[in-house]
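Colleague: Using the sequences and the hints, build the whole thing.
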Amino acid sequence: MAKKNNKNHQQLRVVIVGHVDHGKSTLIGRLLYDTDSLPDGKLEELEKASKRRGEEIEWSFVLDAFQAERDQAVTIDTTQIWFNTDAREYVIIDAPGHREFLKNMISGAAAADAAVLVVDAAEGVKEQTKRHAYMLHLLGLTQVAVVVNKMDLIGYDEQKFEAVSKDIKKYLGSIGLTPAFIVPISARNGDMIANRNDELAWYKGKNLIEVLDSFEISSPYTVHPLRFPVQDVYRFDNKKRIIVGRIETGVLNTGDELVFSPTNEKAIVTGIETWPKDEQRVSAKAGEVIGITLDQPIFVERGHIAAHKDTLPMLSNVFRANIFWLSHKPLKVGNTYTVRYGTSEARVTVQSIDNVIDTQDLGQEGAAHEVHRNEVAEITLRAKDLIPVDPYTDNMRTGRVVMYEGYDIAGGGAINMQGYPDQRTSGKPKSENIYAVSYLVDSDMRANRNGHYGGIFWFTGLSGAGKSTLAMAVEKELFDRGLNPYVLDGDNVRYGLNSDLGFSPEDRTENIRRVGEVAALQADSGLIVLTAFISPYQADRDRARKCKPQGFHEIYIKADVATCERRDPKGLYKKARKGEIKEFTGIDSPYESPVNPELVVDTETNDIETCVGQVVDYIIEHVKVEQSSRDPSETREKTFAIQ
Amino acid sequence: MHNYLDDLEAQSIYIIREAYNRIHPLGMLWSIGKDSTAMLWLVRKAFFGKVPFPLILLDTGMEMDEVYAFRDKLTEDWDLPVINHMCPPEEEMDQTLPPATRAAMRKTEGLKTLLKEHQYKGIICGIRRDEQGLRAKERVFSPRANDGSWDFKDQPAEFWDQYKTETPEGAHMRVHPILHWTEVDIWRYMQRENIPICDLYFARDGKRYRSLGEKNITFPVDSTASNIEEIIAELETTKTSERAGRTMDKETEDSFEKLRTQGYM
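So the protein sequences, as listed, match chains H and S. If you count by the numbering used here, then the first sequence holds residues 50 to 692, one letter each, in order. If you count by the numbering used here, then the second sequence holds residues 12 to 276, one letter each, in order.
Take the hints with a grain of salt, since some may be wrong.
As a list, the in silico DSS-like pairs of lysine-lysine whose alpha-carbon atoms are at most 25 Å apart [claimed, not checked]: (1) S:K61 <-> H:K288; (2) S:K123 <-> S:K269; (3) H:K381 <-> S:K175.
Honestly, the hints are just simulated from the structure, not real lab data. These figures come from a predicted structure and were not determined experimentally.
Modeller: Below, the structure is given as structure tokens:
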């Protein structure tokens, strides 16, 4: 149906959304008629069908290929229609307005370059108007035009049009969308679609066709850092290995060194493979689907993401997402789902539902236990292993996930990594000339002399929960009983060992890594080490545990944010609330409660003596020497550099 | 130079590779017509000249002689893994259907026996959204129930290039890699890539086939377009629908719908 012979044939994909019965299908039918895009015989077919039903021409029937649909007078599914203006070619994605069918609207709108939001002039902004606008925003669409339809039914009244315009502008503004144009139209009569008419003489702006022609086709993300997710690895007929995929963002050249995530494997691109053969091909950019060969036979599989070494994606086992939920079954805390992003796939568990958002008044309904069908929410997801992630604000192509429930897509959303650290640490010593030495004094010998074993008692909790207070009191009590305790305290360590670190997620992680290592050395030397750090991330605490797996005890000092804020011993919450401290745990940076702590000490309901007693009893129970009952193999062999 | 055909091609190759990675065993319907032949070219691009799954012709014995000849030539030239699957005879079809719809039903039934015989979990199929209102509603990965039927009222969500790729035991997935192409896109691509094509598409004595079907139910349309360039010029001005020569679409208002919900391509 390509009528005009324009040169590049680039198509603009436009999605049409809006409340049920506000006239989307009629608008589409009319657009096709006004741009002379109806196939021969279609108009007659329409007239015939309308006559048979004893009605006037119903433009919406253009789209209604289904018998069932016509009978219900509800558009069932996303459909696509091609038409041309003098300027270029278009694909219309029709997104049905019935509340049940949000799934189809998203399937259509996610692929669009621009959107037209249809609002009934008489009815004004309704529930689905807002819901659909919110979805456009969540899907990242920024080119949005509003048409105020059925102007004929309100006598082409300018004041009424202005009132509806004001309403919709206000709502769109509140979600960060600015409509490029607001056009008064009558789809049924064809007013202000492709022409101008006397009744709307007061409107001086563009008609709908002119508006559409002013929109731009989304261009590929070539200026972003390279992201090349591996789609598959081919080795046909035992020939060379070819790694295939689509470049999501950035540019890839032969000779580039690629780092694959999450494995950290590196290799150099030796060639870009094509069929039929094109020897000239040395570069490929965002949007292109390619195959490459590498200089090293490194392990690469589907889901790995290739990038350049200075602009790697983050690695994390936890991330937040702003999601929409489509499944009939609610999303629940503790449920496990499969997420897919690019070609990667991971199993994730819903750690928390941080906020459910009311798309009508944008009210934050706060933490919840469930997200229901067609709701929008902020959730925190946890994976078993580290996975490569990009925040959506950095990369709109790779920073989004689709959630599966069984075989079916159940939701999707944008990744938000605010407050979470990059967990990409090699974990291996930087120097290669490192050899472990064995001690001649083992932990049993030390325990026999000291009267107790060493160990790490890792206190974690919010600022103000009582970690330092308890640690100091417990240390004194143990010391008085003749044991050898020592407290590693957050603030004290930051004066010396960690004076080069701040409070960014990455620095917090490094802070805890060093403390974990120091604590392990001290515990090996026979001390009872008490650490008092917020240590907000489970991943960091798990890493500290790996320094001394047998003698590590995670102790959750439990008090909620409200309680801690009331205590506020250092006045920090007050500063954080004023915005004087950024990334303060519990306020604008997350705290992840221990998943499976050895001991929970509730400082909200118990007084300090009770808490101290509880911890002291626990420690003594776990460090005491029982005659020849301990397995000496638990001694951790430390490694020292010999250079 | 970058061209919009590169974008269409990239999207299709991505989908073909996705199907090959996620669905086993996989087969592709090759009707020898322009769409599935263009798609075959895309498959060869996707796999660097190789065709890693069988190409299936649902054969009614009623294809035109030129079609069979073209199949044989390409199969030999390109060394293609072709399966010629015979459809059940027309006498076994529902006799209440109008004659052309009944003839088309043979392909649907042929596909069912094929699936049974080979246990395919996925069938790649070269339909396009612009062909027909019903096909406009299709998904790229479109699940079919155990009896082959299509539930158009409850189709899976599909966005951000993520698809539903798994189906329960006994069901299968239709994969549509060129769903987003239009008729004229196909011809422009054929021209650019120099893809061989059955010459029934070119006008002889003022008529040409715009769409190839069985000889008893497909008719040529008026045209003087005798090469691809002229076909493109013709399509850029025509307002006649592509399937105008396909009688089965037109017998009743919903005949094509009935065919498709029961498993037709």
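Colleague: Is the Cα-Cα distance between K381 (chain H) and K175 (chain S) 25 Å or less?
Modeller: Status holds; Cα separation ~22 Å.
Colleague: Under the criterion that the straight-line Cα-Cα distance not exceed 25 Å, is the pair K123 (chain S), K269 (chain S) satisfied?
Modeller: holds, 16 Å
Colleague: Given the hint that K61 (chain S) pairs with K288 (chain H), does the C-alpha gap stay at or below 25 Å?
Modeller: Cα-Cα ~12 Å, so holds.
This entry satisfies every hint, going by the numbered hints stated previously.
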